[in-house]
Amino acid sequence: MDITTIVFWLLSALTLFGAIMVVSRKNPIFSVLWLIVVFFAISGHYILLNAQFIAVVNIIVYAGAIMVLFLFVLMMMNLNNLPATNKNIWMKFIGVISGGLLLCVLVSTSKSAADMNLKSIVLKEGNIGLIENLGKILFTKYAVPFEISSILFLSAMVGAVVIGKKD
Amino acid sequence: MPVSYYIILAATLFCIGVVGVLTRRNAIIIFMCVELMLNAVNLLLVAFSKMQNIAHPPGSVVINGSDAQIFVFFIMVVAAAEVSVGLAIIVMMYRNVHSIDVNFLNRLKN
Amino acid sequence: MIALLLILIPVVTGVVAFFMKERKMVRNWSIFSSLLTLLCLLALLANLAPASNASYHAAWLPFMGSQFSLEMTGLVKMLVLLNALIYPIVFVATFQRTFDQPARYYGLMLLMQAGMMGVFLSTDALVFYFFWELALVPAYFLCSQWGNEKRIQATFKFFVYTFLGSLLMLIGIIIMHGKTPDHSFSLQSFIHTTLTAKEENFLFWLFFLAFAIKMPLFPFHTWQPFAYEQSDTSVTIILSSVMVKMGLFAALRWLLPVFPHAAHTYSHLIIILGVIGLLYASIIASRQNDLKRLIAYASIAHIGLMCASIFVANESSIQGLMVQMFNHGIIVAGLWITAEVIETQYGTRKISELGGLAQKAPVLALLLMVMALGNIALPLTSAFIGEFLMFNGLFQYNMIIAAVALISIILSAIYTFNMVQNIYYGNTLPATENAQEANRYARFSLIVLSLLVLFLGFYPHPLFQLTNDSLQAIVSKINLF
Amino acid sequence: MNTIIFCIPLLPFLGFLLTGIFRNYLSRQLCGIIASGTIFISFLLVLYVFFNHAYSPEAITYFDFISNPLLRISFAFQVDQLSTLFMLIITGVGFLIHVYSTAYMHEETPAHYARFFSYLNLFVFSMLLLVLGANYVIMFVGWEGVGICSYLLIGYWFKNNQYNYAARKAFVMNRIGDVGFLLAIFWIISKFGSADYSVVFSNATTIDTAEITGITILLFVGAIGKSAQIPLYTWLPDAMAGPTPVSALIHAATMVTAGIYMVARSNVLYSLSPVSMGIVAIIGLATALLAASIALFQNDIKKVLAYSTVSQLGFMFIALGVGAYTTGVFHVMTHAFFKALLFLGAGSVIHAMGGEQDITKMGGLRKKTPITYWTFLIAVLAISGFPFTSGFISKDEIIIAAYSYSKPIFWLTSFAAVLTSFYMFRLLMLVFFGSFRGTPDQEKHLHESPAAMTIPLIILAVLSALGGFIQLPHVFGGHDYLNEFLAPVVPAFSHGTEDIAMREYYLLGATIIGLLIVFVLTRKWYAVSTFEGKYSGFKNVLAHKWYIDELYDGLIVNPFTNFAGFLKSKIENSGIDGLVNGIGRFIRYLSRQVRLVQSGLVGNYILIMVLSITVLFLVFWNQDVLMGFLQKIF
Amino acid sequence: MNAIILSAAWGIILMFCSVLVKNQKSIGYIAAFGLLVLLLGNIADTYGMQITHYNVYPMLSVNRFGLLFNSIGIGSTLLFVLASITEIRKTGKYQPEFYTLLFFVLCGIAIITSFNNLLMLFLGIEIMSIPLYILTGSDKKNLKSNEASLKYFLMGAFFTGVMLMGIALIYGGTGSFNLAASSHSVVGTYNGISFLEITGLLLLICAMAFKSSVAPFHFWAPDIYDGAPTPVTSFMATIVKVATFIAFFKLCEVRVTDTMAAVNWKMIFSIMIVATLFIGNITAIFQQSVKRMLAYSSIAQAGFMMYAIFSLNDVAKEGLLYYSLAYSLATIGLFAAMSKMKDYTFEGYNGLGKKEPALAAVNAVFILSLGGIPLTAGFFAKYYMLAAVLKTGSYTWLVIVGVVFAAISLYYYFKLLQSMYFKPGDPELVDGSVSPFFKNILIVLAVLVVLFGAFPQLLLNWFYF
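Chains as they are written, first to last, in the working numbering: chain A, 70 to 236; chain B, 129 to 238; chain C, 2 to 482; chain D, 8 to 641; chain E, 279 to 743.
So here's chain A without its partners, still in its complex pose (with noise of 0.2 Å):
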């Protein structure tokens, strides 16, 4: 078990505990911080898989952008004196369990896959995770969408100002 190995394990094991918490804490603050480990240690795998462009932008837009965000109109919201709502015990129990019956449908179906059990992936390696590779195709290939997803972006921006301005 060579180190890269242990490595996956540790980030995997974090991932996991990490949105498990984010589901779990109680407190919404709490979540929000857990869900940016989740993303710092996906971040991780994505620099064990050589892809670091993915790997920083990852980092730069959700933990850094998007979680301040969502931190930002958390803080904003004052949920503290929030009228406690009944909780629903079966409710949540149902919850987890459609959930691992997903999970248990998804899980099988990639075991069923025999195609995958061939193929590995070598860590470590590789340069299409490059900014430059990444650059080129985005600027050829992918021109289209990148241009279509100013319109996007546009709609976003018009939409957030419509229902955001107070009127």
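One or more of the hints may lead you astray.
What the hints assert, rightly or not - No more than 25 Å apart at the CA atoms, straight line, and that leaves these computed lysine to aspartate or glutamate pairs for DMTMM-like:
(1) D:K166 x C:E344
(2) E:K544 x E:D592
(3) D:K546 x D:E363
(4) D:K575 x C:E150
(5) E:K422 x B:D229
Claimed, not checked - Between beta-carbon pairs, the in silico distance windows are:
(6) E:F311 x A:I158: 54 to 60 Å
(7) E:F311 x C:Q97: 56 to 62 Å
(8) E:P635 x D:D71: 17 to 23 Å
Honestly, the hints are just simulated from the structure, not real lab data.
Where is the CB? At the ideal position from N, CA and C, for every residue including glycine.
Given the coordinates of chain A, assemble chains B, C, D and E onto it according to the supplied hints.
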């Protein structure tokens, strides 16, 4: 590293996200769980990208796994846009009803 | 061209009628329109117009293999005549009625006529289906808007029931369309398509259910008394005397020739259903206290016999059926007109509340008597010819069934005379204390109908002559096996 | 000639139309003239036909009534000896009754008066159609036509619901018979391909006997209905609700004999089937006995006559059943005379009594209404079989023929004849002898009827007395004119080599003795001054008509009504319609329940959707398993 | 491609209109004019005249099917805008933004109707959805609108995740995002298809089903349609929904017909169809509000559109186009007419036939069309759907189920007819009466419904010419 590890890891992460959506009632947390799901997908895509990059023996159609990483990039784009809109909506909701508990959202039913 | 005119005149005049304001104007306009239609048809029947007028073809949906084609065989001519004839009579009979929103009433009536004309005339399955539904829509509005308090439910039941049936037929039509070698909807290609026994049986039921509901055949009949009872009587006349013929007609034109083997396979079952319906409805009619319900059940009974005759499918039964379609049309129209007069003039339909009208309204009594006699198929009324032939056909098919079916002539005597006696004989009751004679317009229409009933009862030859070619065509198709 | 024959039924029809359409404008007199006149002209035309021997074996075809490639039924008339004889009876007796009615109905308002005559004319028309028709279908046309006329005339006084029920009963019971008749017609058509007499009779031998038996029995069922035989006889007594001339014309002289006409007309078929003939004879005999027994203790003058008619019709069927067709027809003729006379006489009595029909209230009318009395007496003698009256001759023929056929039938028939004389004499005694038992008002009202009523009585009395001589037995020096006349159509009864002369003498003697005894007994019992009309024990059973009406009500009418009610409320409303409405209700119920799934909670929605994804996965991957499972279930 | 560029451009123009144009009334007409331009541009595209000849092939494949649908969608939007111009004016002061977002939605629609790459599908759907989240909540003071917006957003985001998971798995199975990519391995596959691909496709189909409100993923639809401002509902329930169906069809046409597992897919689709028809029709029966009834009715109609995706043949292709037109026209008309009513319940319609005969008459035409009565476009729409399934040779039972539910659907459609015509009442209109312009637009819609109902070749010939 077998690719199925990543598949299972991503699936588990995804399902944790699903469970979060199902069990939590705070709209923001639900939204965060959705982000968790998206990240699971991202992780999976990056893993697949690495897998596709080397999986093909010489002579076959070369599939460059960078497609998937570009896709991840776009997912992040969309996620950012969604977050801006989503949080705006949640804030608007909060302004009107002073709550972000989804179980209060039951004016529309039947 | 006249074939097209028969549809166009009511459509155009009907649409125009919607925009008229004055009650009298729209009424006279409608009478004019219906007479015009009748005249057109009579010109064709009297050979005043070239025979090529009897059919009309125009391209409609060429890419689907559908053509707007209308053709007249003898049977079609007869039913179209019935349709064209009943309308002026109804309009005249209700001459004095003041309908709420008259423009809409008359417009819808004329559109319904156009729809039924189309059903009778079209030889393209898709066009046929179009008209089949289109006749139903004005009927829906007519029945829902004018009538008694429960009319909306009644009409809805009527509409959904028949609509379900016709959608099944639509499935059948689509499947048939796929099976035809030239992917066409025309009747001829339907007839010439060869089907396996399994397909044929399945398709047969898809078509037959639509027709059976429309007829209506026992046990699909329950919409009918309800709808007839609740809708306005003037509309009921049309429904009962013309529209139910659509089902029978369709079975003759679209079912027997297209699925002869399946018709043969299931004939026994359907004949038995028809005979059960005949007896069942007759028995129930004997316990009805509501005049309109009674006539409705009587109608179901007659239809039961007619339906059985379709599937007996020998010369006698088919000929009897065709003749009876016309005769039942005029007789039942007469019965409904009397019901209409009674309801509007005396304010009740309950048989138990009526009585002694023979003293107060002898002419109406006499005319009702003629219609009642027609209803029991007394010889020398036109219904006798048809029923005699149909029973004869049934007897040739199966003696026992015929014997059982014949019990209905006893039952029909029971319920008909029950009705006649309670309404017209005996002493007057509060409702009829100050009864007046029927208004002259109703009397006039009833007299016309009565004369027709009696004349055709004595000399049915014109009807035979008219339908002779259809008889040959249908029977030759059936006698394949 | 064709035109003349066509005019025979047409004239009454014209009379019907004229009196019917212009009923509000015609005076009573004019109406009577038109109605009687058209019948009279018809009668003259029939006489013309009769005297010109204008018979033809061929049918006179006017037009095709029904025609299709396999079946052609013409509107055709068959003018032969049998139909001519019936036409003579119909128009002759019909004319007399019309004349009689002009006086009898004079209290009606002109409009109703005209209505009465138009119905009566329509009846004559239908009856003529019945006997003239050259095929069974035209016969059926007339057959139903007379039925509906009978319905209309029984219910003539429509304000009385009792009468209306009687009318409906008559029609419905007739219709029961008609079912048989129609079935027979269809059977004939299916076997012979035609309903024409000529075709049917000439090919009769080619058909299997069993089928012939079936056809003839079904035909006879029709006759049972129309001619009021067991078990369908109960309508006839009730039919007395109609005006008395109607009873005379329809329910005595003509319509009820249509059954005899039909059987006689179909003699070729019946002769081929001994079984049917036996049935005809036995039913006839049973009816004769049963009706006679009931007639013994009836207190309504018309009811007595009605049962007597039923009984006499039974005699006619005995005659037909034993093979004496001409005798049956002959009895129709004589019966038309004396029974019409009896009814008209009874009408005259009722007229005199001011509408009273109960014989317990009568008595001693002999003095007050002499013409009626004498004519009635002649009729009673004729029906009782007083020697050399028409009734004697025809009934003797029946009895003698019965003797040759079967001894028991002979004895029972004779017994029925004795009963006949007994109840007729009882009636005579109660009405005309003894002393008046009614109210003083009625006694004051008593008067002889006007000439228009008495003249038909006298003519009929003459016919009743002498009408039998056309068929006087050889023993008494007679000659079988009627047999000869009918021979081309209806064969006479053949006694073969048997010597029937002695029997005739015995019968003559027995009749005289019997009548004397009856006369003495009835005079002693019924020519009295007070008469209660109450009976006990077995007599009461007879007075209540063996409780047959009650039996029918209990066995058929009430169960039917209940059954109809059951069908209406249970099967139709709750069953079939309930099912249809139930589907609608179920869908609405479902709608109320299903909408609850839409709870408004996002959590629930996503939960269900996630579960659905899982289910779809499972369905996708385990489809074979699922299909196998489904196939196992279905 | 024209449509994408023009709609984006016009959206931006409208964005600036909020600053530049002071006359609020004219904005609607600017938008309508823009739609006209867009329509013409798209038609020009159909005839091969493009603004740019930039090669977009791997991402988009512009073909007649998509272009014709774009024309239908844009044309319907034009009619929709004209019919609800006053209603949109009332939804708030963000009128230019409303139209901007509308155009962006159209841009998304233009993308998904001609996508050739799953990335474009994803982007298109998001471009379409994000403005819709906002439009749904555009009535900011209305709690129902807020609630609808949040619900829509949460569920939409969740299914974005599901969809992405599906796409990721497909990529794992095939190594490409191309629509027509296929697996390369034969080992450990199901009939030659990678398990991952099938799983991914199933997830993707579930997500598409969600977007097109097909049961059991329909739950958002009634609530959101009910809560959103009426014009938005009208737009979402018609043009957006049918566009999703076009994308859905495009996806399945390539992905599902190719696979050997087609039978399995048919099973999945038939379950969806039956569930959709059942939920849509049965639940609609109970509704008291016309708006909510129409929401369920749109689910029920989605059930019928699913027949096209079930059968995936030429007839289905034609039929889906035709259905989208017939359904859009009728539903837009009904919603537009409804927006003029004060009371959205059935009782609110009582007596409309007497008070506003023209309005009631066009409503009746739309209802008959939705019910599938001949001589309205709805008939041929249903006809095509049934014919498509029947052409597959088997599955007649599915057609019979559909027919039964079509009959049931009359219950709630005709309830509206009954209210309008046969029940006495005095309906209140929003402004007291309706403007002649509005009436004329509705009459145009009704005439189109009848015209296409009588001559379906008017549309379908375009498909082939």
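Hint check results:
At most 25 Å may separate the alpha-carbon atoms for a hinted pair to count; K166 of chain D and E344 of chain C meet this at roughly 22 Å. A distance of roughly 17 Å separates the Cα atoms of K544 of chain E and D592 of chain E; the hinted pair therefore holds under the 25 Å criterion. Between K546 of chain D and E363 of chain D, the direct Cα distance comes to roughly 24 Å. Compliance with the 25 Å bound is thereby established for this hinted pair. For the hint linking K575 of chain D to E150 of chain C, the alpha-carbon distance of about 22 Å falls within 25 Å, and the restraint holds.
For the given pair, K422 of chain E sits about 15 Å from D229 of chain B by alpha-carbon distance, which is consistent with the 25 Å threshold. Distance hint check for F311 of chain E and I158 of chain A: the Cβ-Cβ separation is about 58 Å, which falls inside the suggested range of 54 to 60 Å. Distance hint check: the CB atoms of F311 of chain E and Q97 of chain C are about 57 Å apart, consistent with the given range 56 to 62 Å. Checked against the hint of 17 to 23 Å, the C-beta distance between P635 of chain E and D71 of chain D comes to roughly 55 Å, which is inconsistent with it.
Checked against the numbered hints above, the structure violates only hint 8.
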